[in-house]
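J.: Okay, here's what each chain looks like letter by letter:
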Amino acid sequence: VGSVLLLVGLTAVIVVSAAGLYWLASLGAGVAVGWGLPASYGAAVVNMLTLGVLIVMTLGAVLTVAERKWSAMMQDRLGPNRIKVFGFSLGGVPFLLADAVKMLTKEDTRPAARSHALFILAPIIAFASALALVAIIPFGPIVKVGDQAVALQIAPIDGGLLFIFAIASLAVYGTTLAGWASNNKLALLGGVRAASQMISYEVSLGLALVGSMMVFQSLRLEEMTLAQGRLLWGAIPALGIFLQPVGFLVFFISAIAETKRAPFDLPEGESEIVGYFVEYSGMKFGMLFLSEFVEIVVLAAVVTAVFLGGWHPIFFEQTIRQALEGSPIWWGAVAAGAFLVKMVLLCWLQLAIRWTVPRFRFDQVQKLCWQGLLPVALANVLITGAVVLLDGSLELAAAIGFVEIALLLIITFAAARAPESDRRGAAHVAAGH
Amino acid sequence: MPYQLPDDRPNFAERLYVPEVIKGLGITIRHFLRNFFFGRETNPEMLERTRRGSLNATLAYPEEKVPYPPGYRGLHRLVPRDDGKPRCVACYMCATACPAQCIYIEAGEYPDDPIEKYPVKFVIDELRCVVCGFCVEACPKDAIRMDTGEHAPPTYDRAGQIWDEKRLLRGPPVSYQYDPWLRRGSPAIPAEKLEEMRARAKPFRIVATDEASQTPGFSVRALAQEAKERGEKK
Numbered sequence: 001v002g003s004v005l006l007l008v009g010l011t012a013v014i015v016v017s018a019a020g021l022y023w024l025a026s027l028g029a030g031v032a033v034g035w036g037l038p039a040s041y042g043a044a045v046v047n048m049l050t051l052g053v054l055i056v057m058t059l060g061a062v063l064t065v066a067e068r069k070w071s072a073m074m075q076d077r078l079g080p081n082r083i084k085v086f087g088f089s090l091g092g093v094p095f096l097l098a099d100a101v102k103m104l105t106k107e108d109t110r111p112a113a114r115s116h117a118l119f120i121l122a123p124i125i126a127f128a129s130a131l132a133l134v135a136i137i138p139f140g141p142i143v144k145v146g147d148q149a150v151a152l153q154i155a156p157i158d159g160g161l162l163f164i165f166a167i168a169s170l171a172v173y174g175t176t177l178a179g180w181a182s183n184n185k186l187a188l189l190g191g192v193r194a195a196s197q198m199i200s201y202e203v204s205l206g207l208a209l210v211g212s213m214m215v216f217q218s219l220r221l222e223e224m225t226l227a228q229g230r231l232l233w234g235a236i237p238a239l240g241i242f243l244q245p246v247g248f249l250v251f252f253i254s255a256i257a258e259t260k261r262a263p264f265d266l267p268e269g270e271s272e273i274v275g276y277f278v279e280y281s282g283m284k285f286g287m288l289f290l291s292e293f294v295e296i297v298v299l300a301a302v303v304t305a306v307f308l309g310g311w312h313p314i315f316f317e318q319t320i321r322q323a324l325e326g327s328p329i330w331w332g333a334v335a336a337g338a339f340l341v342k343m344v345l346l347c348w349l350q351l352a353i354r355w356t357v358p359r360f361r362f363d364q365v366q367k368l369c370w371q372g373l374l375p376v377a378l379a380n381v382l383i384t385g386a387v388v389l390l391d392g393s394l395e396l397a398a399a400i401g402f403v404e405i406a407l408l409l410i411i412t413f414a415a416a417r418a419p420e421s422d423r424r425g426a427a428h429v430a431a432g433h
Numbered sequence: 001m002p003y004q005l006p007d008d009r010p011n012f013a014e015r016l017y018v019p020e021v022i023k024g025l026g027i028t029i030r031h032f033l034r035n036f037f038f039g040r041e042t043n044p045e046m047l048e049r050t051r052r053g054s055l056n057a058t059l060a061y062p063e064e065k066v067p068y069p070p071g072y073r074g075l076h077r078l079v080p081r082d083d084g085k086p087r088c089v090a091c092y093m094c095a096t097a098c099p100a101q102c103i104y105i106e107a108g109e110y111p112d113d114p115i116e117k118y119p120v121k122f123v124i125d126e127l128r129c130v131v132c133g134f135c136v137e138a139c140p141k142d143a144i145r146m147d148t149g150e151h152a153p154p155t156y157d158r159a160g161q162i163w164d165e166k167r168l169l170r171g172p173p174v175s176y177q178y179d180p181w182l183r184r185g186s187p188a189i190p191a192e193k194l195e196e197m198r199a200r201a202k203p204f205r206i207v208a209t210d211e212a213s214q215t216p217g218f219s220v221r222a223l224a225q226e227a228k229e230r231g232e233k234k
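Protein sequence lines, in the order shown, are assigned to chains A and B.
If you count the first sequence from 1, position 385 lands on 385 in our numbering, and the numbers rise without skipping.
If you count the second sequence from 1, position 75 lands on 75 in our numbering, and the numbers rise without skipping.
Mixed in with the good hints there might be a few duds.
[Claimed, not checked] Calculated lysine-lysine pairs in the DSSO-like style (CA-CA distance at most 30 angstroms, straight line):
1) Lys106(A) <-> Lys84(A)
2) Lys141(B) <-> Lys121(B)
3) Lys367(A) <-> Lys23(B)
4) Lys84(A) <-> Lys228(B)
5) Lys84(A) <-> Lys65(B)
It should be emphasised that the hints constitute simulated quantities derived from the structure, not laboratory data.
Generate the whole structure from the sequences, applying the supplied hints.
T.: As structure tokens, then:
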């Protein structure tokens, strides 16, 4: 019962804070207008602070603790439970403070033979490029608050997805430079692995989204989100995951590979080469560590915007919209809350995958990309292009998408193997056990 | 005898990999949801805990402890008589049987009793003890037991692990009908006390039972708690 209350309470907190975000953005816009600047400048600056720093960085930091706590729940353990404030564990959040204090006060050791500038630059690049991706993500619809029409988006640029590809591929510099600048064989190995892995997956990552670009006829994430509000056959929302299930799968797998986490954690490989950050300590390590979690949050946001309907609440959307006709800020808050909830769920899903799937060998990682994901993504581009040419209303694409989803589910649940235990039991009997 | 492990080729679904990952995710998520929505069982009787809601079986160790089974060989104690003196007659059987030679005894005589001996010093070095229980087996008087259900408590210096007769002599007293001081009487025991002790004495047992190896409900910690409640100081 407590957990259900917690979930409902968290959702309410998210919606209320989303309303606060809108209010702050409109405030910034008002200030900018007062100074004779375009309203969007002020809103962009405020959004940068609230969305980039407050939401994404806080979420990334909370995920570092949540990973420990959630993985404990997935593995039937207790998880971290020693810090208590007046006898309450507070869901493990005080560990965040403990971590921060530890990272900031730890001695900052530096190898003597490092390359001085790059050694400092590497964590900055890794962290900055992860955080810069937040810029184009539409957290909420455009809503009229007071006099200003504001959106929870920092920069609605034409490039859209191309910006994501450009900045995401910059992230590899952070890890590779960290490996190179440490002047350590193991760190270099980790950096090289990161480079080859991320360059490989960059290809399938890009191709997976080409299908979505063709379906939605746009590169801009906010337009993609708007297009997903349409109804197919007058009933089903045209979510990206229905129109592009294969694209979703390929993109999601590639995105997990891009975050360099298990099952694709070859650049780290804790047990064998420690990883590209082996020589880093203190807050420099903290930034490399945190940038991974920020990447998780950002990729969850991109998947939400492109494939899961962005800020559309999906269920009862018309009812909510009509009920909140009079107060647009609350409609925006509910929509932005829906986005944030979807985003958190996707973060959770990524952690669940990380604690489920065993690690790949390095040749398997490359094989999966070049022989598995890349041909599938190419075929998806070809088929999607043909379908969009044949039927512009997207209903054919959605029909094909549903067939693909159904096929996957049938293969997953129907074609199960004969139970293993019988044969093994027979072998035991034959062996006289 | 070795047997052939099944050497199966992965089928189509397994080679696709994604369905198998989805199945695996299903298991992970099932565990997560059960542990998320159902709190961990906190029944203080650890052995009666089921895992019907939450699957979590962890015991938060210092706060929660599983009781040891009867017969567990814990910290030694010298069993007292009903008048508070040790049952031990300083026969050196335990010190002789001890493979680790961790028991040191100095025998003495009661000044008013011409027959009975008692240990002036009875020292066990718990650091040398190998917890074999031979001393308990060897004792002809049931005077040393390992029924406290406790480990030797940790100390900051080695001297703290040397237990002498003052620290060892604890726990519920025991009297048997064959005890010579009960049959014959002893000048050290007042007459009315002797009658009471004779009345409470247990018959001699030939077959070892759980009760002989473990006094139920007795532990050093419980005794300390009782003493605390009575307001005694250490």
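J.: Look at each hint and say if it fits the structure.
T.: Structure-based check of all given hints:
{"no.": "1", "hint": "Lys106(A) <-> Lys84(A)", "in the structure": "holds (23 angstroms)"}
{"no.": "2", "hint": "Lys141(B) <-> Lys121(B)", "in the structure": "holds (17 angstroms)"}
{"no.": "3", "hint": "Lys367(A) <-> Lys23(B)", "in the structure": "holds (22 angstroms)"}
{"no.": "4", "hint": "Lys84(A) <-> Lys228(B)", "in the structure": "holds (27 angstroms)"}
{"no.": "5", "hint": "Lys84(A) <-> Lys65(B)", "in the structure": "holds (20 angstroms)"}
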